Structure formats: C-alpha cells, structure tokens
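Engineer: Knowing the structure of chain A, use the given hints to seat chain B with the ligands on it.
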Amino acid sequence: MKVKTLFKLAVQRLKYNRKRNFIITILMMLIAIIILFLGMIQYSITKYVESMENNMELRTLGDYLYIPSKYQEIKNTINNIENVEMVVDEFERTIHAGQESKQLQKNGTTGTVFLKPANSKSCPEVIEGRKISNNDKYVIILPNKIYANNQIEGVNNQIKESDYISGEDFLGKELSIEFKTDEKTEIIKFEVIGIYDSEKYNDVSTPYIPMNTVKMINEQLGYEPKAYFMTIVVDKIENLEKVQKELYNAGIIQETKIEEEASEDTTDSNILETNFSHVTNISLKTLNIIKNVLVVALLSSAIILLFLLIITNINKTYLLKTDLGILKIEGYTNKDIQKIIILENIFLCLISIIFAFIGFKILQLIMNIIFENIIQTNTVGITAMAIKEQIYYISKIPQSLDIKFSVISMALFVIIEIASTYLINKKILKKNIKKILE
Amino acid sequence: MSKIEIINGYKEYLKKKEKISVLDNINVKFEKEKLYAIMGESGSGKTTLLNIIGTLDTLTQGKLLINDKEIINLKDEEKAKIRMKEIGFVFQNFYLNPNMTVEENIMQPMYINPEYNRISMEEKTEELIKMVGLESRRTHYPKELSGGEEQRVAIARALANNPEIILADEPTGNLDKNNEIKILEILKDLSQKGRCVIIVSHSNKVIEYADKVLNLKEGKLE
Ligand SMILES: Nc1ncnc2c1ncn2[C@@H]1O[C@H](COP(=O)(O)OP(=O)(O)O)[C@@H](O)[C@H]1O
Ligand SMILES: [Mg+2]
Numbered sequence: 002m003k004v005k006t007l008f009k010l011a012v013q014r015l016k017y018n019r020k021r022n023f024i025i026t027i028l029m030m031l032i033a034i035i036i037l038f039l040g041m042i043q044y045s046i047t048k049y050v051e052s053m054e055n056n057m058e059l060r061t062l063g064d065y066l067y068i069p070s071k072y073q074e075i076k077n078t079i080n081n082i083e084n085v086e087m088v089v090d091e092f093e094r095t096i097h098a099g100q101e102s103k104q105l106q107k108n109g110t111t112g113t114v115f116l117k118p119a120n121s122k123s124c125p126e127v128i129e130g131r132k133i134s135n136n137d138k139y140v141i142i143l144p145n146k147i148y149a150n151n152q153i154e155g156v157n158n159q160i161k162e163s164d165y166i167s168g169e170d171f172l173g174k175e176l177s178i179e180f181k182t183d184e185k186t187e188i189i190k191f192e193v194i195g196i197y198d199s200e201k202y203n204d205v206s207t208p209y210i211p212m213n214t215v216k217m218i219n220e221q222l223g224y225e226p227k228a229y230f231m232t233i234v235v236d237k238i239e240n241l242e243k244v245q246k247e248l249y250n251a252g253i254i255q256e257t258k259i260e261e262e263a264s265e266d267t268t269d270s271n272i273l274e275t276n277f278s279h280v281t282n283i284s285l286k287t288l289n290i291i292k293n294v295l296v297v298a299l300l301s302s303a304i305i306l307l308f309l310l311i312i313t314n315i316n317k318t319y320l321l322k323t324d325l326g327i328l329k330i331e332g333y334t335n336k337d338i339q340k341i342i343i344l345e346n347i348f349l350c351l352i353s354i355i356f357a358f359i360g361f362k363i364l365q366l367i368m369n370i371i372f373e374n375i376i377q378t379n380t381v382g383i384t385a386m387a388i389k390e391q392i393y394y395i396s397k398i399p400q401s402l403d404i405k406f407s408v409i410s411m412a413l414f415v416i417i418e419i420a421s422t423y424l425i426n427k428k429i430l431k432k433n434i435k436k437i438l439e
Numbered sequence: 011m012s013k014i015e016i017i018n019g020y021k022e023y024l025k026k027k028e029k030i031s032v033l034d035n036i037n038v039k040f041e042k043e044k045l046y047a048i049m050g051e052s053g054s055g056k057t058t059l060l061n062i063i064g065t066l067d068t069l070t071q072g073k074l075l076i077n078d079k080e081i082i083n084l085k086d087e088e089k090a091k092i093r094m095k096e097i098g099f100v101f102q103n104f105y106l107n108p109n110m111t112v113e114e115n116i117m118q119p120m121y122i123n124p125e126y127n128r129i130s131m132e133e134k135t136e137e138l139i140k141m142v143g144l145e146s147r148r149t150h151y152p153k154e155l156s157g158g159e160e161q162r163v164a165i166a167r168a169l170a171n172n173p174e175i176i177l178a179d180e181p182t183g184n185l186d187k188n189n190e191i192k193i194l195e196i197l198k199d200l201s202q203k204g205r206c207v208i209i210v211s212h213s214n215k216v217i218e219y220a221d222k223v224l225n226l227k228e229g230k231l232e
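Line by line, the protein sequences are chains A and B.
Quick note on numbering: the first sequence equals residues 2 to 439 in the working numbering.
Quick note on numbering: the second sequence equals residues 11 to 232 in the working numbering.
Just chain A, same shape as in the assembly:
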C-alpha cells in the first residue's frame, strides 16, 4: 500500500469513527494532563528541595564568638567534627566593604555583588569551567544568570528576564570588582573559572571566591575585627541540629534558647540564622514527604489510567471488529489493516497530547494566579522574612516542567497505546473470519 493511501485511509477512519475517537481523545488527554501535572509538582518540589539543600546559607551555623588565643585550636576541633563542611572565620567569611563591578551593571542596576567564600568542598557544582581548588587565588565562580543590584530581589517585584546578565559570557575572562570602605577603594581583578546553575542554587547575586582570597582582601583593606567570630557550614540541612548538639556537648558553644529570644525585630544574626535553618529543616522534611507521596500517586494513577486506556482501546477494537472483517474480505492484508489502525491511533495520540499540553498550560496559569495572588498577598506582612522568601520560591513551582520527563512519559504513553492496539488487532485478525464478522 502506498504511503499516501495509508494516510488517506487512516484519516478516513478518524472521520468515520469520530464519536468513539472523540471519547478516546478526551480520555487520553486527561491521562496525559494528569501525568504531566503530577510530574510537574513532583519535579518542582524535587528541584526546590535540591536548591535549598545546595544553598550554603541555609546550612550555616553562626556566629560564634571566641577569644583570639584559643581561636586556632577551636577551629581545628570543629573541623574534625563529622558533617562539618567548613569552618569560616571572621576574616574569611565576608569582605567588609562595598562590592561593585561596572561589568555587571545592566538596565540601571548598581553592579553590587555579595561575594562568598568557598573551598574545594563547599564550592558549588559548575555547569561550565571548573570548581575552586584549595590552591586558587583571585579566581571567581559566577552564576549563569546574574542580577547584580544593591537591592535584593523582593517577594513582589520579580526580576525581568532582560535584566539578567549571562555569566557564561565572562568565562575565561577577567572581572574587576571595586571594594569600597569609608577610608579606601581597591579595584581587584578576578579570573572567571567556572559557572554554576543559578536555578539549582536559587541564587543570582552571589559569586564565589577562595576563602584565602577573602582573607587577603580584608587585610589589604585594613579590616580589623572587634571580635573573633566563627561560622560553621554543615554538609546537609538535616545535620544542623546534630552538629549543634555536638558543639554544645564539646563545650565549644553555649546553648541558645531560640524560641524565647527570637522575635521579628531581632537583628542578631546568630539567632535569626539558626532560627531560619530550623524552619528550613522542618519544611524540607515536609516537602520530602509530599514529594514521596506524589511519586506514589503519580505512579499509581498513571498505572490505573493506562489500564483504563487499554480497556477502552480493547473495547473500541472489539466494537469495530466487523470493520476489520470487511477489510479482510475486500483483500486488505493483516499488515495493511494494522498499518491503517496504528496510524489512526498515532494521530489520536498526537491530538490528545497537543490538547493535553494546552490544558496543562491553562492549569499552570490557574495555579500561578492562586500562588501569586492568594498565597503571597495573604502571607506578606504577617510572617518573618524567612517564611516569605520560602513562599516566593514555592510560588515558582507551577512554572517548571521537566522536559525530559514530559518527553519520556508522553513517548511511553504513545508506545503503550499503540502496542496495546497492535496486540488486540493481531489477536482479532488471527480468528476465523466468521468470528471476526460476528
């Protein structure tokens, strides 16, 4: 049979069986939407959890005050505790100066960045170039999407796509950063050696430089700490409490009574950061439970729905059995008949998937509106900044869909549909002609 004839006959069948095909298309569309939707939520939560886990800020215990003479000894002790990724002292932690780069200004932004220290262990995973090693000096890792401004992105004013600078453009080049204190201004050049995924780390304004370089810049600027602080980065959010307990047991820190001391107005970073980590840990646990429930829901509903689809398909094929018999009598070979029906079903699948994507987009839109208008406005002003920020990130959930997941799940969907059709037809066509025509 010619391809043109095959197409013509398949399209003809679509038309002739339009009522039944309409029902099947709707069913397949619903199945596809549910798969896509559950997949989206599952994927988004996974990504969100990942980004929280990757965010160094959320794994940080700080700032502990020490007497200078005991400082090095304590630092070594802490470094030996399991689950401690790194210990950062006051010189290594922050550069005590304004940080701006003219190269990172765009659409009226100030070019302000917030440099963070990294060693080989704590350096973010790069998508291009290489990570920071412990021997590096004056190198820098940038996010692939940069938004450098002295005002951090707010909950309500989202950044436009056109406001971002591409980090990749700087790879292998030099980046000049101006460090300003009340007394001095220093311009220092960094070699851009790596790019990290800003989405994965939920960060668009943080370049990483080596810890030792932070220290050198602070010394160059003549920074003199009033006290010796120490910040501890833990490997995983879930280990925060454990490390805190060990530090307490070892007599390195004093117990802080978080609940009693914390209030919204507190500017004491010690209390706030610890508090934040605590909240994060709880919400992460909850999210992980939700994620696992969703995986189970996704798998089981997909199985049930596919089962339903196969049954509908069997039902349809049996109802149209006589048609197959007629074609056989007219001299169509079993192969011809299979080809026509499979092509018809491929058309049906494609139509369903197209409509499913449209339906899915509409669902996304509705979810976005709910997240942006109801959840966000209702919570602004009554919760701590930390919670607000989390909600801001959660509100991104309805916007993401894993392309790989969509493609694979839809392909599987088509394959199962076609394979079941083929097998049912094969079974019917093998029967005695009297049974087919019955």
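Simulated from the structure, these hints should not be mistaken for laboratory data.
Only a predicted model underlies this, so the values are computations on that prediction, with no experimental measurement involved.
Glycine included, C-beta positions come from ideal geometry on N, C-alpha and C.
Mixed in with the good hints there might be a few duds.
[Claimed, not checked] Computed from the model, here is a short list of chain B residues facing chain A with C-beta under 8 Å:
hint, residue
1, F99
2, Y105
3, N107
4, P119
[Stated by the list, open to error] Anything over 12 Å on all C-beta distances counts as not near chain B; from chain A, calculated:
hint, residue
5, T78
6, M217
7, I437
Structural biologist: Leaving out everything else, chain B with the ligands in the frame of chain A:
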C-alpha cells in the same frame, strides 16, 4: 479450464477438543459464465465451504485450486491479493461500513488495487452505482437505505476490482420477494457476462436462476 476446483476436501473443527467433521471428501469444479446454487440445511457447512473457496478459511485436508493454482500453501498476503483481484463477496447481513456513504463503501476495496488512480476509481464507482441503479443514493449512509438497496451496494462493492468470481452467502436471506428477485437477476446477469457466481441459500427461488444446483448434506456435496 475451471475457475475453482476442490479435490478431496475435508474440513474439521475442534470444539472442546472434540473433532466435528463439516466437509467430508468434497470434489467439485466451478466454471466461468455459470451460476451455481449450493443448497442445504442450516448448519450443513455452506458458509464454511464458501469461506474456504474465498480463501478466508482453510481446508483441513485436500486441495483448492483457483485458476488452476494451488491455494493452500500460499501466504496470507498472497491470499489477500487473490481476494482483492479475483473474488467478490456478498453476505446476508450486507456488512457495509455504517459510517461510510454508498460511494465510500464501494470505493474502499479500490484503494489497495494498484491498477486504479483517483480518476479511474471515481469512474468505476460511478459505473457500478449506475449498474445497481443507486444514482440517487450516492451520498446516503447504509442506515438510510432499504435492505434491497444495501445489498445492491454490497454487490457493487464486490465488483469494485472486477473479480471473476462472486461468492454470495444467503444474499437474499434478509430481503422480501421483490428484492430477492432483483438481486438474483443482477447476479444472473453477472454470470451471463462471464463471471463464476456461487450462491449459497436455502431458498428455493435460487434454483430457478441456477445453471447447476448442488446439495450439501452431512458433509457431502451432490
Ligand atoms: N469457527 C468455527 N469453529 C467451530 N465450529 C464451527 C466454526 N464455524 C462453523 N462451525 C460449525 O460448522 C458447522 C457448519 O457451519 P456453517 O458453515 O456456518 O453452516 P451453514 O452456513 O450451512 O449454516 C456448524 O455445525 C458450526 O457449528
Ligand atoms: Mg451460513
């Protein structure tokens, strides 16, 4: 040369592991330009015999020759080709596609015939519609037709690829007297124009039109 020949044909069905013999040593020849009537009681194996001749079913044992060619060992695809080119079927229940118009039903077998192009397909359809007198029914659906009209569409469809053999299984079983005569006259006409027409029936009316009457009884054909 005979159009169709069955030599020492046997047919058995397995029902619950028990063999039932339906055709028992059949030896028969069917010629061109003749109309055959195969008579027999219900359940005597008439449909089975016709389906075997039409390559839709197979003999358990024996030979089937169409145009002197052995059919039994052919592949399914080759059998399908024979059905397309050589054989037209007509049934008691018409078996028209209810979702297709008269024209579309008649045209459907032509799509797999490489001898047709779009224009010759349309011409042939037109010719067949005229032949069975359904000019005013071209775009009607089967449910809008009477039984007699439906059967005429089925005959037109059976002739779509110019077959030399017409196999009709109780073609008038669902029709009244008038329509029965109309259908039999069309079939008679086809045999007179050179085709080999085999009608299976238990209505005695067919005998009046038949060149030869065969009786199927207890698996034997006489
Ligand atoms: N596919 C089949 N499987 C088992 N038995 C069958 C099958 N087809 C027909 N038969 C049996 O063969 C006999 C003849 O059937 P059939 O050829 O339909 O008779 P007729 O057309 O003369 O009424 C019947 O007893 C029927 O039950
Ligand atoms: Mg019968």
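Engineer: Determine for every hint whether it applies to the structure shown.
Structural biologist: Tested hints:
1. Given the 8 Å rule on beta carbons, the hint for F99 (chain B) holds: about 5 Å separates it from the nearest Cβ of chain A.
2. A least Cβ separation of about 5 Å between Y105 (chain B) and chain A falls short of the 8 Å threshold, and the interface hint therefore holds.
3. Interface hint status for N107 (chain B): upheld, as the beta-carbon distance to the closest one in chain A is roughly 6 Å, under 8 Å.
4. For the restraint placing P119 (chain B) at the interface with chain A, the shortest Cβ-Cβ distance is roughly 4 Å, inside the 8 Å limit, so the hint holds.
5. With a closest Cβ-Cβ approach of about 83 Å to chain B, T78 (chain A) is found to remain outside the 12 Å limit, as its non-interface label requires.
6. For M217 (chain A), the condition that its CB be more than 12 Å from all CB atoms of chain B holds, with the nearest at approximately 82 Å.
7. For I437 (chain A), the shortest C-beta to C-beta distance to chain B comes to about 9 Å, within the 12 Å cut-off, and the non-interface label is violated.
Violated hint: 7 only; the structure is consistent with all others.
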